[in-house]
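Residue numbers (the working numbering), protein chains in the order written: chain P, 1 to 103; chain R, 104 to 272.
Don't take each hint at face value.
Said to hold, decoys possible - Derived Cβ-Cβ restraints for the label pairs, each shown as a range:
(1) P:Thr60 x R:Asn192: 36 to 46 Å
(2) P:Asn91 x R:Leu113: 35 to 45 Å
(3) P:Pro3 x R:Val205: 14 to 24 Å
(4) R:Val265 x P:Val71: 17 to 27 Å
(5) P:Asn99 x R:Thr105: 16 to 26 Å
(6) R:Ile132 x P:Arg89: 15 to 25 Å
(7) P:Asp96 x R:Gly263: 17 to 27 Å
(8) R:Pro189 x P:Val71: 41 to 51 Å
(9) P:Ser85 x R:Thr222: 44 to 54 Å
(10) P:Asp96 x R:Ala199: 49 to 59 Å
(11) P:Glu54 x R:Val265: 39 to 49 Å
(12) P:Asp96 x R:Leu213: 30 to 40 Å
(13) R:Leu256 x P:Asn99: 38 to 48 Å
(14) P:Arg90 x R:Gly234: 28 to 38 Å
Unchecked claim - Covered by chain R, per the in silico footprint, the following chain P stretches (three or more residues, Cβ under 8 Å):
(15) 20-31
(16) 69-82
(17) 85-99
What the hints contain is simulated information worked out from the structure, not anything from laboratory work.
Ideal placement from N, C-alpha and C gives every residue a C-beta, glycine not left out.
The chain contents come next:
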Amino acid sequence: MVPLSWYLIFAAALFSIGLFGVLSRRNAVAILLGIELMLNSVNINLAAFWRYGEDVTQMTGQVFAIIVFAVAAAEVAVGLALVISVYRRRNTVVADEINMMKW
Amino acid sequence: MTGEQIIFLLVALFTLGSGLMVVISRNLIHAALWLVSALFGVAVTYALLSAAFLAVVQVVVYIGAIAILFIFAVMLTRKDMRDQGPQMNANWWFGAILSVAVFAGLFFLLQGWSGLAGTASAIPAGFDAIGELGDALTSPNGYVLPFEVASVLLVAALVGAVYVSFNRK
Numbered sequence: 001m002v003p004l005s006w007y008l009i010f011a012a013a014l015f016s017i018g019l020f021g022v023l024s025r026r027n028a029v030a031i032l033l034g035i036e037l038m039l040n041s042v043n044i045n046l047a048a049f050w051r052y053g054e055d056v057t058q059m060t061g062q063v064f065a066i067i068v069f070a071v072a073a074a075e076v077a078v079g080l081a082l083v084i085s086v087y088r089r090r091n092t093v094v095a096d097e098i099n100m101m102k103w
Numbered sequence: 104m105t106g107e108q109i110i111f112l113l114v115a116l117f118t119l120g121s122g123l124m125v126v127i128s129r130n131l132i133h134a135a136l137w138l139v140s141a142l143f144g145v146a147v148t149y150a151l152l153s154a155a156f157l158a159v160v161q162v163v164v165y166i167g168a169i170a171i172l173f174i175f176a177v178m179l180t181r182k183d184m185r186d187q188g189p190q191m192n193a194n195w196w197f198g199a200i201l202s203v204a205v206f207a208g209l210f211f212l213l214q215g216w217s218g219l220a221g222t223a224s225a226i227p228a229g230f231d232a233i234g235e236l237g238d239a240l241t242s243p244n245g246y247v248l249p250f251e252v253a254s255v256l257l258v259a260a261l262v263g264a265v266y267v268s269f270n271r272k
């Protein structure tokens, strides 16, 4: 049996990798890729806590993970639509150069 | 070390390596393809946790829809396949320090948590996890309201995405 701590440390490492991608990439699409990694690590935690919780017949952890799936799909759709729209108008996807709303 | 632990370690190393390639790879198409392999590793992790439905949904929704959407977005937003200039911004070292600090903080927080030694209780014989999950998602005593709100959110987000990226000409 795999200990619970292995899953949690694995998820923490994946979250940190995603955080590094979000903070350091210039391309807006690459930033969204980092966000996907972070959401996945959170889902691993939810599934692990469902499996290692007191009552495995209580499905709350999996339900929460499915809602995270739906929210991630919505986030990607809106995020990529914004990136494509900005690319059409400004011809760039570099996050530093998207400063139309900067006062 | 049991076979399950060896499989977990292999899958975790594969997933973390793919995740690292997602964030450091210069070519964005390669980053999106590495994301597919990282998502597949996460699906195997769900299978190891005996969350069968999550593993299937991970492959169908994440790899089948979201990763393909990323690949399309990468292809739509560049003139040539190779990006100009550096891929990392000037403060990437700050992001690296911060993410290492977040990992170290989470690691030490976990060390002091008493629930860490918890073991998985055996799944009762004849327990239908997927049926229970369906009941939980659709019964009024369960999570039907969050489920419906999530579907409304998804529809609103997709309508908004179509509106935002619509080419008015």
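Hints, one by one, checked against the model:
With their beta carbons about 39 Å apart, Thr60 (chain P) and Asn192 (chain R) fall inside the hinted range of 36 to 46 Å. The given range of 35 to 45 Å is respected by Asn91 (chain P) and Leu113 (chain R), whose C-beta atoms sit roughly 44 Å from each other. At about 22 Å, the CB distance of Pro3 (chain P) to Val205 (chain R) agrees with the hint of 14 to 24 Å. Taking 17 to 27 Å as the suggested C-beta distance range, the pair Val265 (chain R) and Val71 (chain P) conforms, at roughly 18 Å.
Between Asn99 (chain P) and Thr105 (chain R) the CB atoms are about 54 Å apart, so this pair departs from the stated range of 16 to 26 Å. Our hint of 15 to 25 Å for Ile132 (chain R) and Arg89 (chain P) holds, since their Cβ atoms are close to 23 Å apart. A C-beta distance of roughly 25 Å is found between Asp96 (chain P) and Gly263 (chain R), which places it inside the suggested range of 17 to 27 Å. Restraint check, Pro189 (chain R) to Val71 (chain P): a C-beta distance of roughly 32 Å breaks the suggested window 41 to 51 Å.
Under the hint 44 to 54 Å, the C-beta atoms of Ser85 (chain P) and Thr222 (chain R), about 50 Å apart, fit the expected range. Against the hinted window of 49 to 59 Å, the Cβ-Cβ separation of Asp96 (chain P) and Ala199 (chain R) comes to about 18 Å, which falls outside the hint. Restraint check, Glu54 (chain P) to Val265 (chain R): a C-beta distance of roughly 44 Å satisfies the suggested window 39 to 49 Å. For the hinted restraint 30 to 40 Å between Asp96 (chain P) and Leu213 (chain R), the CB-CB distance of approximately 35 Å keeps it satisfied.
Taking the beta carbon of each, Leu256 (chain R) and Asn99 (chain P) are about 29 Å apart, not inside 38 to 48 Å as hinted. Under the hint 28 to 38 Å, the C-beta atoms of Arg90 (chain P) and Gly234 (chain R), about 50 Å apart, miss the expected range. Judged by the Cβ-Cβ criterion of 8 Å, the region 20-31 of chain P is covered by chain R as claimed, because 10 of its residues qualify and three suffice. With 13 residues bearing a CB less than 8 Å from a CB of chain R, the region 69-82 of chain P meets the requirement of three and the coverage assertion stands.
Residues of the region 85-99 of chain P with a Cβ under 8 Å from some Cβ of chain R number 6, which satisfies the need for three, so the listed coverage holds.
Consistency note: the structure conflicts with the earlier hints numbered 5, 8, 10, 13 and 14.
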